[in-house]
Every structure is written in C-alpha cells, then in structure tokens.
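**Student:** For this one, chain A is given, so just place chain B on it according to the hints.
There are 2 protein chains.
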Amino acid sequence: MKQAVTVVGSVALDDIETDVSQKTDVVGGSAIYFSISGSFFSKIEMVGVAGTDFPKKTIEELKKYDIDLEGLKLQEGKTFKWGGRYHSGLQKRDTLYTHLNVFKNFSPNIPDNYKNTPYVFLGNIQPELQLSVLNQLESPEFVALDTMNLWINEKREKLMKVIKRSDLLIINDEELTDLTEERNIIKGVRSLHQEGIKYIIIKKGQHGAYLSHFSTSDQKDSSLFYSPAFPTPLPKDPTGAGDSFAGGFMGYLASCDEINFTNMKKALVYGNIMGSFSIEEFSIKKLLQIDKKDIEERYKKLRKISTI
Amino acid sequence: MKQAVTVVGSVALDDIETDVSQKTDVVGGSAIYFSISGSFFSKIEMVGVAGTDFPKKTIEELKKYDIDLEGLKLQEGKTFKWGGRYHSGLQKRDTLYTHLNVFKNFSPNIPDNYKNTPYVFLGNIQPELQLSVLNQLESPEFVALDTMNLWINEKREKLMKVIKRSDLLIINDEELTDLTEERNIIKGVRSLHQEGIKYIIIKKGQHGAYLSHFSTSDQKDSSLFYSPAFPTPLPKDPTGAGDSFAGGFMGYLASCDEINFTNMKKALVYGNIMGSFSIEEFSIKKLLQIDKKDIEERYKKLRKISTI
Numbered sequence: 001m002k003q004a005v006t007v008v009g010s011v012a013l014d015d016i017e018t019d020v021s022q023k024t025d026v027v028g029g030s031a032i033y034f035s036i037s038g039s040f041f042s043k044i045e046m047v048g049v050a051g052t053d054f055p056k057k058t059i060e061e062l063k064k065y066d067i068d069l070e071g072l073k074l075q076e077g078k079t080f081k082w083g084g085r086y087h088s089g090l091q092k093r094d095t096l097y098t099h100l101n102v103f104k105n106f107s108p109n110i111p112d113n114y115k116n117t118p119y120v121f122l123g124n125i126q127p128e129l130q131l132s133v134l135n136q137l138e139s140p141e142f143v144a145l146d147t148m149n150l151w152i153n154e155k156r157e158k159l160m161k162v163i164k165r166s167d168l169l170i171i172n173d174e175e176l177t178d179l180t181e182e183r184n185i186i187k188g189v190r191s192l193h194q195e196g197i198k199y200i201i202i203k204k205g206q207h208g209a210y211l212s213h214f215s216t217s218d219q220k221d222s223s224l225f226y227s228p229a230f231p232t233p234l235p236k237d238p239t240g241a242g243d244s245f246a247g248g249f250m251g252y253l254a255s256c257d258e259i260n261f262t263n264m265k266k267a268l269v270y271g272n273i274m275g276s277f278s279i280e281e282f283s284i285k286k287l288l289q290i291d292k293k294d295i296e297e298r299y300k301k302l303r304k305i306s307t308i
Numbered sequence: 001m002k003q004a005v006t007v008v009g010s011v012a013l014d015d016i017e018t019d020v021s022q023k024t025d026v027v028g029g030s031a032i033y034f035s036i037s038g039s040f041f042s043k044i045e046m047v048g049v050a051g052t053d054f055p056k057k058t059i060e061e062l063k064k065y066d067i068d069l070e071g072l073k074l075q076e077g078k079t080f081k082w083g084g085r086y087h088s089g090l091q092k093r094d095t096l097y098t099h100l101n102v103f104k105n106f107s108p109n110i111p112d113n114y115k116n117t118p119y120v121f122l123g124n125i126q127p128e129l130q131l132s133v134l135n136q137l138e139s140p141e142f143v144a145l146d147t148m149n150l151w152i153n154e155k156r157e158k159l160m161k162v163i164k165r166s167d168l169l170i171i172n173d174e175e176l177t178d179l180t181e182e183r184n185i186i187k188g189v190r191s192l193h194q195e196g197i198k199y200i201i202i203k204k205g206q207h208g209a210y211l212s213h214f215s216t217s218d219q220k221d222s223s224l225f226y227s228p229a230f231p232t233p234l235p236k237d238p239t240g241a242g243d244s245f246a247g248g249f250m251g252y253l254a255s256c257d258e259i260n261f262t263n264m265k266k267a268l269v270y271g272n273i274m275g276s277f278s279i280e281e282f283s284i285k286k287l288l289q290i291d292k293k294d295i296e297e298r299y300k301k302l303r304k305i306s307t308i
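Which chain is which? The protein sequence lines are A and B, in order. Throughout the first sequence, residue numbering follows our numbering, covering 1 to 308 in sequence. Throughout the second sequence, residue numbering follows our numbering, covering 1 to 308 in sequence.
With the rest of the complex left out, here is chain A (with noise of 0.2 Å):
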C-alpha cells in the first residue's frame, strides 16, 4: 500500500562551481531534492521554509508532482544560499559560504495533516529542529535521519538523541568514521548498532552504499547489503545527489506492504539509482526530466551489473 513521507530540510537557492561550469541561484535543498526523488514512488508531504525570491516557477512544477506543499512556508526575505565549488573529478568539494537568511530563525511546524504520515525523513538540519520534529509527531512507523560533520562535532549529543529514536541513519563514510572514530565501515557500523539503531546506511559517493540491519533479539537475522553506484559517464553536480538518493530510498520503502530487509535492499538500489540521475544536470533539472520509465530501465541495468 503506498505511503506518504513527510521530509524537513533545506530549501535553497545554490551557487555552484565545478570545472567546467559556474552556476549562480539554482534551486537546491535537501527537502527540495528529497521530494522530486520521492515523489516518483509516493506522496511527498514537504516542510521547509522559502524566501520570497524563491522562483514561483519552481513552485509550479513541483506541484505537478505527487508533493503535498502545505509545510512549505514561504516568508519574506531571502532563501537559504548555499555556495560550493567542486573539485577537478567532482569528488570532493568546498563550502565557499552559506548565507542561512529565511531559514536563521527555521522552526519546523509540522501540519495536522502531516502528524499521522508513517515515513519520516529528517533532512540534514540542526539536531535540536529534529528533535522538536519528533516531538510534533504522533506515532510514526518509520523515522530516518540525514546529519553532517558540523552536528557530529558540535551538538553529538543532541544528535546522539536524534538517532537513538529514529529507525535509520544515512551517513556517507566520513560521517561514519567522524561519528565513531572508526574508519573500517564495518567497526563503525557495529559501534552505531549497539547504540541502538537498527538500520544505518553507509553512502560511498561514486562507489554506491552499504545497507546494514542490527537485530537485537536475533543477531543471526543481522545483514549486510550493498549496492553498487550506477555508472553514468555524465557527471556534472553531486550536489543534491545524497538527498535525491534518500527520496528514492524512502519512496520506494513507503511503497512497498511492509518494512523488511529485502524491500530495503530494493530501495537502497532507487536510492542509488535516483542520485545517479540527479548528477547528470546542475540543480533538479534531470530529476524534472525523467519519468518512471526511466527509473524502471537503470533499475534493471544496475541489478544486472550487480547480479552473478
């Protein structure tokens, strides 16, 4: 039975640099690529907040989409700005600035409607704003996180707290080993589980993502899944790709009859699937190019790359 997702995260207006190209005020934002993701496989409920120079364009087509917009807030002032320049390969990347405007003063209220959703995504933001998420939440099925370096470092416990009521953590590598000064993926993952959560997810950028379940009352039924990134010879801006990644993951799951290890492993490959086409153009263009045919197609190619 489909379900719905409600996600809290950035809404932005980027300006990117890569090698080849410079882009200035492209929309951006975790909530923003989280929810074209998602939407391709259920409904999107979004909460975030916009400036009022965020382009009503934008707005138009995402409600084309299966997005519910009531939690988008729009305020007068200017959108959260996120400034980066790409490294030669696009695998690394700088923060030039980040101008945080309309979303300083971001306290997520989440909609009547939104307080029942089973899926859960909360973006990449302040520790304490998921938490009061949380909080504004009746009983949700299935809660999963997004977090990055600076909450690691300055706010772990508040963070620590978030994680421990949540059902699943997305992390890239270098998150995890910030996280549990572990660098093996596998004695980080361990050290996380025995905090308690059962789901993590390690994302390795180009070279795809592991899926790791931590049974507490039967650690034989503990797994291990990984699936590799689909090879596209057309990158162009990773930005967005982690959260575009995400909305497939939870799309796909909120989809599915029931929250088991092998819809998991099937969601984990949308995930990588839908990061690979966010890649392929700067901001969300690819994601508002493609259809689910599209998706269907690389998901068949990456099984089979994967398969014996």
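One or more hints might be untrue.
[Said to hold, decoys possible] Below are the DSSO-like pairs computed for lysine-lysine, each with C-alpha atoms no more than 27 Å apart in a straight line:
1. B:Lys104 <-> A:Lys265
2. B:Lys266 <-> A:Lys304
3. B:Lys158 <-> B:Lys104
Derived from the structure by calculation, the hints contain no laboratory data.
**Tutor:** Quick look at chain B alone, frame taken from chain A:
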C-alpha cells in the same frame, strides 16, 4: 576442466610500516601472492627470481600448494626489496625505497613445460619483460596483465603493445586515469576498449572491482559487472591485495569449462575474496592459514551481500 596458469612477476622481501606495526624482510612480491591465491583453484606455474637470502622455509611452504616452481630462479645475491609506509586507515601508501637487487637483470625465461599453458598472468613488471614473455609462448588462450603508474608514464608505447596483445587488463582506478586521462571510470574503460582490449578489470581497493567486457562484433553483448570488496573488519596490511585478487580471478577462471562472462563474474568475486584474506595479516601469513572451505564460506557471504 582445470587448467594451469603461468605467472611472471616479482618475488620480494618487503619492509612494511603501518600505524600499529613495522615488519622487516617479510615475504612478498606479485608472483608469490598470485601463486598462493591462484593455487586454491588451479595449478600455478611461477616465473620469477629470488636471491639466496629468500627463506628456504617459504620455498618449502609453496611446495605444499599446487605451485610449479621450475620457473623460479634462485640467484646469488639479495632478493628484490620494496619498502613502504601506509597512511592511517591503510588506504594510501608511500614507497620508501625499491632495491631491485637480483631483479635488476631479470630476464624471464619460460620453461618449455610452461610454453603451452593456456592461461598467463603478466604481473606488474616492465612492459619489455612482459613482451618478452609473450614472445616465448606458443599461443596462450587467455593473457591478463597488471601494470603501474611508473610504466604508464614512462613506457606507455611498449605498454600499449602488451595491452593490445592481451585479453584482460587489470588496473586500479588511479592507473585508469593515468592511462586514459579520464577520471570517469565508464569513459576511461570505453576508451581503453577502443584500443582493442576485450576485458578490463578496474580495482577500487576497499570498494570492490568492476569487470567490463566489450564485444566488437556485437556491442549489445558488451557487459559490466561490479563486485563489492568483502567487508573485513580486520585489515592489517594491504600489500599484495591486488596480486591475491588477480590470483583468485585467474585461478578460478582457469578452473572453469570455458571463458564466458558468467564465469568471469564468479572469478571477480573469488578475486575479491582472496584479496580480503590477504590483507588480514602481514605478508602471506593469512593466505597460508586458510583452506578451500574458508574461501567458499566468504564467497557465499559476498554473494548474499550483493544480491537482491
């Protein structure tokens, strides 16, 4: 039908430093790692040179495996030595020194008994020596080669000759970039296939490996396969991982009835398995501790990790 594989490569006594340990004069070299790994699947014929300081104990150990040592020359003098230091996390390393010693005037002399062997692995040695090996062989069915940045940068023309005469090139992602000036694996692999090589394996270290097949006659038959690395929580010394990988790959492939993409996919998984054992102890220690049952167990686990 189980076939034999001839390997030509280095025999070494390495000095290895990691964060937690320092070892001097430990047995290493591409031919050594390759032979032990490969011998779990097929007969391996080793061609190389060792100095009189090479431990007799190791020679005796090798004899317990399905390894033919007729092509291993023992020469007055010191064995080839590589000294290296691994960075914290074991993912990067610096070469501290290379003492060629008896390897300096090494000219591979293929025993008559090896000249009709159908499978050949040209370890990472000078392209001229790789060519001289090919010139001594009757008509091998399947030739694979490894190489390194030094030969890519300094002996590109000769190296390209070897590549054109081979069926499979096994390199890592950095070497692919050096060879093709492409950072994108898919583009790099494509441009190498254009040079006429049918199969390419791209090793991505801890992330796993790609196998790419390009069919000139039927491009629809071209295929890609990805196998993640076996996730070991206990890496100690990555030295020889790539050669253990190659040994597992070639050894398994030679044990198959025919060379086809399905068998090569399985061979890639066995390659990853042998690499994962190799790194769990310094030198060849772990490889000497395992048996076929350990290998099959990991094979099953890795298949499970990567299969939906």
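**Student:** Run every hint past the structure and note whether it holds.
**Tutor:** Okay, the hints, checked on the actual structure:
{"no.": "1", "hint": "B:Lys104 <-> A:Lys265", "verdict": "violated, 52 Å"}
{"no.": "2", "hint": "B:Lys266 <-> A:Lys304", "verdict": "holds, 14 Å"}
{"no.": "3", "hint": "B:Lys158 <-> B:Lys104", "verdict": "holds, 19 Å"}
Hint 1 from the earlier list is the only one contradicted by this structure; the remaining hints agree with it.
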